[in-house]
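Trainee: Below, each chain spelled out in residue letters.
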Amino acid sequence: MLANFGFGVLVITFLLSLYGIGAAVWGIHRKSPTWVDSARAAMMLTWPLITLSALSLIVLLLTNQFQVNFVYQVTSRSMPLYLKITALWGGQEGSLVFWSWLMSSFASAVTLRKWERDREFLPWVIIVALVTLTFFLGLVIFVENPFARYWQTPGGQTIIAMIPPAGATALIPPDGNGLNPLLRHPGMIAHPPMLYLGFVSFVIPYSFAIAALVTGRTDDRWIRLTRRWTLVAWLFLSIGLVLGMRWAYDVLGWGGYWGWDPVEIAALMPWLSGTAFLHSVMIQEKRGLMKRWNMILIILTYDLVIFGTFLTRSGVLSSVHAFAQSSIGPLFFGFIGLTFIISLALLLYRWNDLRSEGEMNSLLSRESLFLLNNLLFMSILAVCFWGVIYPLISELFTGQKVTVGPPFYQSTTGPLFAGLLLLMGIAPLSAWGHSSMKLLGRHILKPLVFSLVLLAVAAFWLKVTLWAALLGFWLVAFVGSVTLYEYGRAVLARRRATRENLLAALWHLAARNRRRYGGYIIHLGVIMMALGVIGIDMFQTQTQGTLKQGQSLQLDGYTITYNSLAVFDTNDNRNVARAVVSVSKDGRFLAELHPRRDYYYESQQPMTIPGLRTTLADDIYVILVDWQPISAQGATFKVYHNPLVLWMWLGGIVFILGTLVAAWPEPDPEAAIERVKRRATAPARA
Amino acid sequence: MLKSRREIIALAVLGLTLALAFVFTPPVLAQQPTPSDDQVNAIAHQLYCPVCENVPLDVCPTQACAQWRELIREKLAAGWSEQQIKNYFVAQYGERVLAAPPRRGLNWLVYILPPLFILGGVYLVYRVLRGSRPAGAAATPLSPPPATPQPLSPDDEYLRRVEEELRKREQA
Numbered sequence: 203m204l205a206n207f208g209f210g211v212l213v214i215t216f217l218l219s220l221y222g223i224g225a226a227v228w229g230i231h232r233k234s235p236t237w238v239d240s241a242r243a244a245m246m247l248t249w250p251l252i253t254l255s256a257l258s259l260i261v262l263l264l265t266n267q268f269q270v271n272f273v274y275q276v277t278s279r280s281m282p283l284y285l286k287i288t289a290l291w292g293g294q295e296g297s298l299v300f301w302s303w304l305m306s307s308f309a310s311a312v313t314l315r316k317w318e319r320d321r322e323f324l325p326w327v328i329i330v331a332l333v334t335l336t337f338f339l340g341l342v343i344f345v346e347n348p349f350a351r352y353w354q355t356p357g358g359q360t361i362i363a364m365i366p367p368a369g370a371t372a373l374i375p376p377d378g379n380g381l382n383p384l385l386r387h388p389g390m391i392a393h394p395p396m397l398y399l400g401f402v403s404f405v406i407p408y409s410f411a412i413a414a415l416v417t418g419r420t421d422d423r424w425i426r427l428t429r430r431w432t433l434v435a436w437l438f439l440s441i442g443l444v445l446g447m448r449w450a451y452d453v454l455g456w457g458g459y460w461g462w463d464p465v466e467i468a469a470l471m472p473w474l475s476g477t478a479f480l481h482s483v484m485i486q487e488k489r490g491l492m493k494r495w496n497m498i499l500i501i502l503t504y505d506l507v508i509f510g511t512f513l514t515r516s517g518v519l520s521s522v523h524a525f526a527q528s529s530i531g532p533l534f535f536g537f538i539g540l541t542f543i544i545s546l547a548l549l550l551y552r553w554n555d556l557r558s559e560g561e562m563n564s565l566l567s568r569e570s571l572f573l574l575n576n577l578l579f580m581s582i583l584a585v586c587f588w589g590v591i592y593p594l595i596s597e598l599f600t601g602q603k604v605t606v607g608p609p610f611y612q613s614t615t616g617p618l619f620a621g622l623l624l625l626m627g628i629a630p631l632s633a634w635g636h637s638s639m640k641l642l643g644r645h646i647l648k649p650l651v652f653s654l655v656l657l658a659v660a661a662f663w664l665k666v667t668l669w670a671a672l673l674g675f676w677l678v679a680f681v682g683s684v685t686l687y688e689y690g691r692a693v694l695a696r697r698r699a700t701r702e703n704l705l706a707a708l709w710h711l712a713a714r715n716r717r718r719y720g721g722y723i724i725h726l727g728v729i730m731m732a733l734g735v736i737g738i739d740m741f742q743t744q745t746q747g748t749l750k751q752g753q754s755l756q757l758d759g760y761t762i763t764y765n766s767l768a769v770f771d772t773n774d775n776r777n778v779a780r781a782v783v784s785v786s787k788d789g790r791f792l793a794e795l796h797p798r799r800d801y802y803y804e805s806q807q808p809m810t811i812p813g814l815r816t817t818l819a820d821d822i823y824v825i826l827v828d829w830q831p832i833s834a835q836g837a838t839f840k841v842y843h844n845p846l847v848l849w850m851w852l853g854g855i856v857f858i859l860g861t862l863v864a865a866w867p868e869p870d871p872e873a874a875i876e877r878v879k880r881r882a883t884a885p886a887r888a
Numbered sequence: 002m003l004k005s006r007r008e009i010i011a012l013a014v015l016g017l018t019l020a021l022a023f024v025f026t027p028p029v030l031a032q033q034p035t036p037s038d039d040q041v042n043a044i045a046h047q048l049y050c051p052v053c054e055n056v057p058l059d060v061c062p063t064q065a066c067a068q069w070r071e072l073i074r075e076k077l078a079a080g081w082s083e084q085q086i087k088n089y090f091v092a093q094y095g096e097r098v099l100a101a102p103p104r105r106g107l108n109w110l111v112y113i114l115p116p117l118f119i120l121g122g123v124y125l126v127y128r129v130l131r132g133s134r135p136a137g138a139a140a141t142p143l144s145p146p147p148a149t150p151q152p153l154s155p156d157d158e159y160l161r162r163v164e165e166e167l168r169k170r171e172q173a
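Chains as they are written, first to last, in the numbering used here: chain B, 203 to 888; chain A, 2 to 173.
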């Protein structure tokens, strides 16, 4: 009953969004505000409808309705409540419903605001948002239906369908498969929603860009309107990526956080073009340059977002995420191709209107440095895209499957990322319009010297000789010094002028220029993450060995001793083998760790959970690889020593704080003027 | 008790022979030490699981991968070199077990195209930074800010376009 209701509501929503597209087109054709308002109403009505449908699905998940195929696939009786809710995005069909719900939410939020000033954008924004929404709803209704149920035909066959054939009876399995064990981790609960939030929010700037192209409003109005959306979209995408890294570190048992897996790269690519876009729009706002390039970037980001969703969902390039395989590949591919071609056609149509309003004539000006920033991001994107596509090309043309793995990506993108770090250090010192070596040189000297001193200290104290690591550490120190120096100079100047205390000066500075100081904080977050990356990528060591009880492994001065092992069943249907190991250094006991191996009976899948000891300096990461049931023989452990990894997660948090500062709404100047006027015209009423 | 000088010499020769025998016996009697897990992992790390997608052989948790790692251990114990073991896996399971496509045939594209693309990007950036000045003119690092004002609102946008039209007519 509820399944039919949920599906029916979804069909109504699909028809409603088709209507919305039609009404908007008609409204544009007839220049009729009434029709456009009707389209707007249709857009906003999709939200409560999809919410109802999603809620029905969640209720089905919570009440163990295993006759529904999706519920059977992702839940089981023994799962706790919160996991049953998050199972909504634990499978193909539910994920697509969730994606559609987010699309409807954001599009409705955008169409809620007052539209007096930019009325001509409205119908086109509605059209782009609804076209995207219709596509995803269509996928759900026609191809990946979460409400389809199990039926047994009179002939004894089991089928999955929405509407049963005549004479069929409902088939109700006693219990479900249960959520993939890899997904039962806090990071994995938040990672898909965060990524989807990021993906879907990028549709909004794209729809405004298309609206600008169609209506000929090719000034930077569309950028100013969507500035906050872009920043928030970028934030969610970044959080999603960092959560994914944390999940991989905690649960996949490689001792690492990034495997250059095609699906990881699929989520990274829109982030790369999105970050380039974030910087490049500032060039258009300040100097009126790069208008065509900004259009190209946002079109690219939109299609990469759909491509990213497609790669994760279609299993065309299977990977660790290969639990989602289906026939929606060609449909996605067609949609991406169509939108890309139409967007490019629109861009070519307005090509001449997007001419730049000047030139970049100073090599070291901020806009040229941002241009170099874009070059580096696009190069990394090109490398990633090529590496992801090539195995398909190889299989297509030579029949030979190949793997393009970490060595390729690391050696090509490493120098490019280093270049980006360098730019992060120089750009804050440069000015819009023009800059010179003399100008930069004056301000660069102190941070440069400071960073070299820091580097020397680090090199001698930590005995680092690897030149790549030295370069990396220097870049981190350099960017940190420049950023803090810039902030410090501004704070001191402000204090001299206003005589505030330090904290108040910091606060007011950031409040006055949120984008700049938010940006600086984000950059600090980035270099903290870079520090973690250098530590783990260049200095990770590992060892493996089989130990009897009481024996130890040695790694980098640490001693890891195997104390005991217990094997038992839990009440949520898994078998746990839990080892107790102690970590000590130079004879001093540091921590007791519990690496374990969980085996889920329902899905017959094992999961390794490492024992982790974390400090600012390094992580000790212990995995239980194997054990002999009769404890006489011993157990096999793998130990990783990961220096500086904690800085990655701390950097992620600083990242988020910085984006909040940058995105915090500034008081609306028009509202402030109104307030002042009202106060002036209202005489003493007290 | 030693009977005569001959017996002493015989005993000495025997003792010497035994001593020399111990010294010069090659240690071929002792087995090759079993390769440690670390040695196996060092090689497995450079290979990919032949059946699971994109999972390195040293971390793959399946039974099949455990057996493949044991296979590496056996081959190491038998004296095979790292390259020989890798070639064996490639011969058995195809080129996908390697972490990077071997440099031959179509695979050269993997290594050549990215640098070409990046160079193309560098050229584009160079063109933008030089503006539309003819090639060969030195770029002046110091130059006055551009004279065109920024459009502040849609009205100024029209003004700018009117100015541009007028300028075009003047030049015509």
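For the record, the hints were derived by calculation from the structure and aren't laboratory data. One thing to keep in mind: the hints can contain errors.
Label pairs and their calculated CB-CB ranges [as the list claims (entries may be wrong)]:
(1) B:L647 with A:V123: 54 to 62 Å
(2) B:K603 with A:T63: 45 to 53 Å
(3) A:V123 with B:R714: 34 to 42 Å
(4) B:W553 with A:R168: 15 to 23 Å
(5) A:I113 with B:G357: 26 to 34 Å
(6) B:R279 with A:N88: 23 to 31 Å
(7) B:P366 with A:P116: 56 to 64 Å
Only some residues are given here: those of chain B computed to face chain A with a beta carbon under 10 Å [to be verified]:
(8) E559
(9) K603
(10) A793
(11) E804
Computed footprint of chain A on chain B; a stretch qualifies when at least three of its residues, placed anywhere within it, have a C-beta under 8 Å from a C-beta of chain A [unchecked claim]:
(12) 358 to 369
(13) 400 to 410
Using N, Cα and C, we set each Cβ at its ideal position, and we do this for glycine too.
Trainee: Of all the hints numbered above, which does this structure not satisfy? Sort the numbers upward.
Mentor: Those not satisfied are hints 1, 2, 5, 6, 10, 11, 12 and 13.
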